[in-house]
Each structure stands twice: as C-alpha cells, then as structure tokens.
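Engineer: Residue numbers (the working numbering), protein chains in the order written: chain A, 1 to 591; chain D, 1 to 264; chain E, 1 to 109.
These are computed hints drawn from the structure, not numbers from a lab. Beta carbons: idealized from backbone N, C-alpha and C, even for Gly. Treat the hints with care, since some could be wrong.
[Claimed, not checked] Listed next, the in silico DSSO-like pairs over lysine-lysine satisfying Cα-Cα at most 30 Å (straight line):
id : chain 1 : residue 1 : chain 2 : residue 2
1  : D       : K146      : A       : K306
2  : A       : K492      : A       : K199
3  : D       : K228      : A       : K518
4  : D       : K228      : A       : K548
5  : E       : K104      : E       : K16
6  : A       : K199      : E       : K16
7  : A       : K199      : D       : K226
8  : D       : K146      : A       : K199
9  : A       : K21       : D       : K146
10 : D       : K146      : D       : K184
11 : A       : K548      : A       : K21
12 : E       : K71       : A       : K199
13 : D       : K228      : D       : K184
14 : A       : K260      : E       : K104
15 : A       : K306      : E       : K16
16 : A       : K199      : A       : K306
17 : A       : K71       : A       : K492
18 : D       : K228      : E       : K16
19 : D       : K146      : E       : K104
20 : D       : K184      : A       : K548
21 : A       : K260      : D       : K146
[Claimed, not checked] Beta-carbon label-pair distances, calculated as ranges:
id : chain 1 : residue 1 : chain 2 : residue 2 : range
22 : D       : V218      : E       : A25       : 48 to 56 Å
23 : D       : T110      : E       : K71       : 24 to 32 Å
24 : D       : I107      : A       : K71       : 54 to 62 Å
25 : E       : F93       : A       : Q258      : 28 to 36 Å
26 : A       : W483      : E       : L53       : 51 to 59 Å
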Amino acid sequence: MAEHNEHAGHEHGAPTGFIRKYIFSLDHKVIGLQYYFLALASVFIGMLLSLLMRIHLIWPTAHIPLMGEIKPEMYLTLLTMHGTFMVFFVLTTAPQSGFGNYFLPIQIGAPDMAFPVLNMLSFWTTFVAFLVMIAAFFVEGGAPLHGWTGYAPLSAIPSAGPGETLGADLWIISIAIFCIASLMGALNFITTILDLRCKGMSLMRMPLTCWAWFITAILGLLAFGVLLSAGILLLADRNLGTSFFVPGGLVVNGTQIQHKGGSPLLWQHLFWFFGHPEVYIAILPGMGVASQLLSTFSRKPIFGYKAMVYAIVGIGVLGFFVWGHHMFMSGMSPYSAFAFSLMTMAIGVPSAIKTFNWLGTIWRGRVQFDSPMLFAVGFVSLFVSGGLSGPFLAQPLLDIYLHDTFFVVAHFHLIMGVAAIFGIFAATYYWFPKMFGRMMNEPMAQAHFWLTLIGTYAIFMPMHYEGMAARPRRYSQLTEVAWLQHLMPVEKFVTYAAFITIAAQFIFVFNLFWSMFKGQRATDNPWHSTTLEWTTATPPVHDNFGCKTPVVYHGPYEYSVPGAPNDYVMQTDPTPHGGHVPKEDKPLEAE
Amino acid sequence: MADAVVHHPSEAGAFEPPFLGAYSKKIGMWLFLLSDSLTFGALLFAYSYGRIATTNWPTPFGQHSIINASVMTACLLSSSVTMVLAVLAAGRHDRPWARNWLIATMIFGTAFIVLHAWEWNGLRAEGMTLSIFPAIPHAEATEMGKQASAVPQFAGTFFALTGMHMLHVTIGVIYLGVLAFGRKWLPVMALAAIGTFFIPAWSTFHWLTYPIIGAIVVIGIILWLKPKQYDAPDIEVGGLYWHFVDLVWMFIFPLVYLMSTRIT
Amino acid sequence: MEMTERHQHGEHAEGKATYFYVWGALIVLTVVEIYLAYNRVFPNPLHMLEVLLALSVVKSVLIIGWFMHLKGETIVMKWVLMGSLVMCLLLMFVFFVDAERILKLGTGR
C-alpha cells in the first residue's frame, strides 16, 4: 500500500504554484476554506432573497430596484431559492464540509483526509452545482417555484409556471450534482475517521465534534443516494415523458397533462427519505461544536461524554425512521402516520439527553463568556426553543392544523436554520485564530451576538403565534385578507426585526475580513483547549503536524483535573496529570 | 495482496488499527457501493411502487427479449469470474495476466453494453419508446410495442432503470481500462468517443459519446494531479465496483424482464 | 470472519476453483429463474415475485460473499455494511402501504 503514503503527504512537500496550492489544492485545509467561502457567498444570496420576501409580505406593491414589483410567481421563486441555497449550500456545506474538512483530520491527528483527490473533486463538484443553481436565475422564465422540497407534480410539469421550464431542470441537475459531491465527501469523512486516527485516539477519545461529523457523514452517505435517484426520476418525468410522479387526468393551467399513472406521494417519500436525515446533517455538526465549546469555556469536562456519543448515534439512527412526519397532510396511510409519529417523539429522548448534558456541563463551571461561548449558549437556547415545538408537530392531529401555517416556518427556522447558523458562528469565532493566525475583534463579536440572538428571536417567536392564528405559509400576498388584518402589526414587527438582524450580519463579515489582516496575532492555543488542533502551528503547516504524527494519552475534555498544575490537560500530554506544559515548536511564524 | 495492515510503511504504528480491518481504499469503495445500492434500491422501489399502483401492467417481453437478456446476464456473470481472476493475478504480482483478465472483463462488459444498446434500438423501433427519444427511421410498431406503450409507466421505468445500469457498466469498463492501461487509455477513449459520435444520432450507441467525454475530463484531472501505477489493491477495489454492477443486474433482470414476460 | 488479512491471502491462492463453482451456481440459478418465469410456473404474480427475489437474494449473497470477498472481511465490516444497507432498504417498504391505498382509493390510472 505504498500509495497510501502519498496521500498522507509525508514525503511530499507543500505544493508550489498558485493553481496547485489554491485552486486544485489537495490540502484538506484549503478545501475546507474553499467550502467555507462558498457557503459565505451562498448565505448572502439566501439572506438577500429572504429580505425581499419580508419586504414583499408587508409592502406587496413596493418597487424593488432592478426587479420592479414582486409578482406572486416571483415570491415563490424567492422562497424556493432561499430554501435551496440555505439548506444545500450553507447548512450542509459550511458546518460539515467546511469546518469538518479543516478540523476533522487535525483533531484526530491525521496528516490529511484519506482521499485527497476525491476531496478536491468533491469541492469542485459542489462548485459546479452552485454555478448551475445560480444559472437558474438567469435562464428564460427564471428560477423554479416549487419550493426547496420540489414537490411533484408542480416540479414535474414544465408548463406549470414561469420558472418551471429550464429553471427547474437546472435546479434538479444542480441538486443531483450536489448529491454526487456530498457522497464523495461523506465517504471520505467516514474512511478518514475509521482509518487515520493517530495512536491513542480511540473512538471514545475523539472530540464530540468528530463524532458529530462522523455520524453526519454516515447520514449523508445513506441519504444523498436516495435523493439522487429521486432527482433522476424527476428529471425523467420532465424530459423523457415518463410518469413517476404525475397522476393521471391532471389539468394544469387549463390544459390536460398527457402523463398518467404516477403518484406525487412517491416523490414525497423519496424526497423526505433524504430530507429528514438532511435536517440532522445540518444540525449535528452544530451540536458537536456546542459540546466542545461549552466544555472548553466552562473549564469542565463534558457532562456524560459517553451519553453524548450515544445520543448522537441515536439521533442519527432514529433520523432515518421519521421522514413520514413531513407527510401527515399528504394523504399518507394513517397507520404509517401513527408509526412515524411515535418514532418522531422518540427522537426527543436523545435530544433531551444532549440538552441536559449541556446544562450539566455549564453547571457550576467557571464560565468564560467569550464570543464563541456566547454563540454556543445561543445554539443551546435556540435548539431548546425550536425543539420544543417539535413534539406538537409530531402529532398528526395537531400537525394537520399547523402544517401549512407559519408555525412550521418558525419551528424549522429556529431549530434547523438559526441554530445551525449559530453553530457555524461559534465555530468561526472559536477556530478563526487557528485558521488565520489572528484573533477576531471581541467587541464587534459581542455586538454581533446580541443583535443576532435578539433579532432572530424577534423574527421567529411571533411566527409561532401567527401560525396558531392560522396565517398560511407560502402565500405571496395576504395584506388584503380581512381575517388576517389583525396580524399585520406582527408581520411589520417581524420585517423590521429582519432588517436589524440582517444589518448585524455585516458586522460579522467586516469583522471576519478585517481580523484576517488586522486582527491581534493569536497564540497557538488562545482558548486553552485540549484537543489536537491546538498543539500544532498557527496556522497549521501543510501536513498538519510537521512530518510527525501525534500520540494521544487523554480524553478530549480534561479540564480542571484534580491535582493537575494547569486547569487543562492536553490530549497529547504523556503525564497523567498534565505536569508537562505543552510548548510545541512553532515552525512557522504566522504569515 | 500487498498487505492491508501496514498503512503507512514509514511510520507503522503511528495510527490506530483500522476499524474495519481493511485498507482505506477498499472501505471507501464499499461505502460508495453502499450509497449507490441505495440509489438503485430507491429506483427499484419507485418501479415497484408504480407497478403496484398501476392496474393492467403490461407483460410484453417475448422469447426474443428474454433470450437477449439472458445472454447479457451470462456476459456479466462471466465478466465477474474474469474480474476475480484479474484480482488473483494482481495479488500474485503477475501484472501481464492481471491485465489480460482485465481486458477479458472489459470485453464481456462491452459485449453487454453493445447487446443492451442494440436491444434498446430494437425496442424503440418496435414502438416502445419515450417522447424525448428521436424517432428511428424505418420504425414499425409491433404488437409488443403497442402492448408496452399502453401504460407509459412501463417504458419509463424500463429505460430509467436499465439506462442507469448501462451508465454504470460504461463507467465500469472505462474504470477497468484506466486500471489496466493507465494514461495510455485516454487516447483509446478519445477514439471511442469519436467513433460513437459518428453513429447516427437516433441510435442509442451515439449517446455513449457523452459519458465517455465526461470520463475523459475527470480521468484527465485525476491522472494529472496524481499520476501513478495502479497496483493490486487498486485492481481489487475496481473489482468491487465491477461485481456491484453485476449484482445490481441480478435484481434488474428478474424485476424488469422476467416479471414482464408475455403470457403465452 | 475470523480470518485475518493474512489468511485471506492463502485463501485466494487455493480458491480459483471456488470461483468457477460460484459462477456455475449463479448460471444455474439464472437458468432456474428464466425457466420459472418463462413457463409461468407460479401463475400468481406475487408468488412469482417472491420466488424470483428470493433467488436473486441468494445470487447476491454469492456475489457479495465470494466475488466481493466480504466473506473474508472482519465481522464488524460485515455487520456495518450489510446492516445499514438492509435497514435502509427495509424502510422503503413503507412506500408500498401508500401504493396500495392508491388502488383502493380508486385513482389508480
């Protein structure tokens, strides 16, 4: 197995030349950053689209520069592309492919991912998917309007709306390419974790971030394959004249559709078979980061490490059994709905285990509220607030009332959207010093945190009440509807809150780029963390540990160990109580 | 087999023993196959779903189709044996024979593709076709074609499933070619692409041009970034993929062909 | 199984004949399948489906176990791979509950 060694990059020096170093780089750190910046670009696209939606919801006739008035079809386009960009190119890309790529090999003491070429291919395939998705805006008819879930038959019939011609084809192709990219990434992650852990890094000594990335990768591996086949079938329905998802006798825009004999429910089954694990793909890495940060900044070992691991595994496994709870309204068999409902509520158990363990970790710790910690606490807060509405929606009877209302919008934005984004923020503030060798500006970070936390609560909490008052979702214009008039002040409040929250994100972006060049220089271990990435140079050298492989002697979260001279014991510390102060050589001065 | 246990000869023991007891590349391929079998699984479930939910599912395949499909099955099964022999030869470090057996595998695989594309042409000429497919000159609808197109789902599922499988076989042949010939395989593929391009556009064979061109681009990038001599583990991993393609056919054949034989 | 990688090496050397037996078994099973289907041995399509799929599962066991050498891998690998695959495929049977309901609701065509 000589070639394995080549991957590892031990014999190879860092590549020279711009293209090999920054474009087609095989270095997992560069690929991680490429993913991160791709997600950053996507999140701004998604945010702009949501801003337009919020404006349209309270001023439906407002004249938008370059776009004019937003037509109802345009509103659906905004909705679709907002969801698509956010779910696929932000929530799937940044926490898993971005931070996972950068820190997973370092945290387990590997010189690189198991398959660096595959890693590079997976990024560039994702990038192609991104370009194809962007192209959907500019083709005739514009982007599709079938929602990020692409429900058939709307998505399967080109004559169903303006964006449903070429735009929808591009959308499906982009998603299919994204599936292939995610498959490559997922199998790379799994293989790396199984095979490239350094000596002493047993599975039960891995940081919880690695466990989260591991389970997320398994979910991705099993789920994206199914979405790929759903996409192929949908593409066939649209272009090859097949009829998997289109029922017979359908009349669209006054003309009868020639297809016959398909079933829209089949699309929903296939889509949500992927779609529900996807929710956990988005949130699990955030859980891992939150666990790592709460332990580090409370200076306490994580409460119940094993329970945390089993909870992550449990959530991952149960995540496959519950996709039907998205379909209670779709005419699914009530017997399977009953089973799905039970399984869904069962997921509350591992989720609660995680939450209580997080609280147990903070309990009586010496908590330091640096910006990463603030975002980790914010993550837990949002996870609880968003999660508590889950058991309501898990019950078919309640769900039938709430499903098509803003209650669901509030629920999944809090738990899947904003909570996962808080995980990304926490990870950014925490690992920025390691990635760029400089600290991020703390006052700006604090301002960003408070504005974002209060802002997101102000946006999404009122939506629960709107939902219970039966305000339907996915409708373009409800300003003239008499029985919803009393909700207009709430709508206005939400839109103003959205303005402020979106403005606050520019603080973050400014801080990010400003600190990259002007921030205070960081030491190798500014947060006094114990995991392996803090033992190496800042930023890490090409093969992470400078031609040697670390050896691990401790679990990941040994803080405040009784009898130890410091309040933390590095994982690589050979002495039982950490008498040995880690003083790694610094091969590279930052920049 | 050059042994698995030693991952990193320069520093054996620097890493924990591999969890699944095999070298990384093999794990990677198994994981890919796991995911891909779910892709095919979902396709087959979609097919079965359609079949359950549709009354009067046609059963048009007569003797001719079944014989053709049986020969194709035999081709794939035999190619699996030659593939295993290639892996064995590579394990003995017998490169010439490893290459010979790989070539035999590729010949069987190509025979499968040719028979299959031929069959597609025949079916389309008989009237079992999809609206997007270009019309075949001198096509004449037969009783079989009329039966098959009575339920549009039938042709749809048939072409989607077997097309997806044929794509996998094509990729498999290309992959084995890279293992056998390395960089020298690229010009051969380019010739093949040019050859298929000049087959008339209505023919199924013409469509093979596109996957081949895509493969040339991807393989070109990979060989440029990591030129290497492929060794025994690579051939074993390639073999896994090939057997998987065979395996999928073992489900497509009974579900799509045998369950649709004509009642005589 | 209990075999380590090193044993597997030995098994390969002795196993050439085995592969031909496996190949023969696969061919025979295929012929049986064709015979069953072509002669409509089971008039009920559901029975036919069950028999054909059972035979196909046997064939896939032969391919996975011998040709793909899963037989020689560690027991963890067998369970991890086959367990997750079978679990996910079994889950998809939930789809059929709805496929049958469509017929009963009378909107099948």
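Engineer: All the hints need checking, so say for each whether the structure fits it.
Structural biologist: We went through each hint and held it up to the structure:
| no. | hint | result |
| --- | --- | --- |
| 1 | D:K146 to A:K306 | violated (63 Å) |
| 2 | A:K492 to A:K199 | violated (58 Å) |
| 3 | D:K228 to A:K518 | violated (43 Å) |
| 4 | D:K228 to A:K548 | holds (25 Å) |
| 5 | E:K104 to E:K16 | violated (53 Å) |
| 6 | A:K199 to E:K16 | violated (38 Å) |
| 7 | A:K199 to D:K226 | holds (28 Å) |
| 8 | D:K146 to A:K199 | violated (66 Å) |
| 9 | A:K21 to D:K146 | violated (59 Å) |
| 10 | D:K146 to D:K184 | violated (47 Å) |
| 11 | A:K548 to A:K21 | holds (22 Å) |
| 12 | E:K71 to A:K199 | holds (29 Å) |
| 13 | D:K228 to D:K184 | holds (12 Å) |
| 14 | A:K260 to E:K104 | holds (17 Å) |
| 15 | A:K306 to E:K16 | violated (46 Å) |
| 16 | A:K199 to A:K306 | holds (20 Å) |
| 17 | A:K71 to A:K492 | holds (20 Å) |
| 18 | D:K228 to E:K16 | holds (29 Å) |
| 19 | D:K146 to E:K104 | holds (28 Å) |
| 20 | D:K184 to A:K548 | violated (37 Å) |
| 21 | A:K260 to D:K146 | holds (16 Å) |
| 22 | D:V218 to E:A25: 48 to 56 Å | violated (36 Å) |
| 23 | D:T110 to E:K71: 24 to 32 Å | holds (29 Å) |
| 24 | D:I107 to A:K71: 54 to 62 Å | holds (59 Å) |
| 25 | E:F93 to A:Q258: 28 to 36 Å | holds (31 Å) |
| 26 | A:W483 to E:L53: 51 to 59 Å | holds (54 Å) |
Violation of the numbered hints given earlier is confined to hints 1, 2, 3, 5, 6, 8, 9, 10, 15, 20, 22; the remaining hints are satisfied by the structure.
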